[in-house]
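Visitor: Positions 1 to 58 (this note's numbering) are the ones given, in order, by the sequence shown.
No wet-lab data here; the hints were simulated from the structure. For glycine and all other residues, C-beta sits at the position ideal for the given N, C-alpha and C. Treat the hints loosely; a few may be bogus.
As the list claims (entries may be wrong) - Quick list of the computed label-pair ranges, beta carbon to beta carbon:
#	residue 1	residue 2	range
1	Gly-5	Leu-54	25 to 33 Å
2	Gln-36	Gly-5	25 to 33 Å
3	Arg-48	Asn-4	37 to 45 Å
4	Gly-5	Arg-56	20 to 28 Å
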Amino acid sequence: VDANGGNPRNSIYWSFGGSRLSPASPATDKLYTGQQSDATGLYFYQARWYDPYLNRWI
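Model the full assembly from the supplied sequences, consistent with the hints where possible.
Guide: In structure tokens form, the structure reads like this:
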């Protein structure tokens, strides 16, 4: 929530976590389900990586 009580960043995701919109500069590295995303686009779940576009755990 920003200073005006609004949502400063609105993200839309496909059903398995892939981002439907690519913001020019994301405000955070936390994305779908609050997990971190790296430069490869994979999400880190503390024990393994998830690829939201392949729909697979790596």
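Visitor: State for each hint whether it applies.
Guide: Against the structure, the hints come out as follows:
no. : hint                       : result
1   : Gly-5 x Leu-54: 25 to 33 Å : violated (38 Å)
2   : Gln-36 x Gly-5: 25 to 33 Å : holds (27 Å)
3   : Arg-48 x Asn-4: 37 to 45 Å : holds (39 Å)
4   : Gly-5 x Arg-56: 20 to 28 Å : violated (39 Å)
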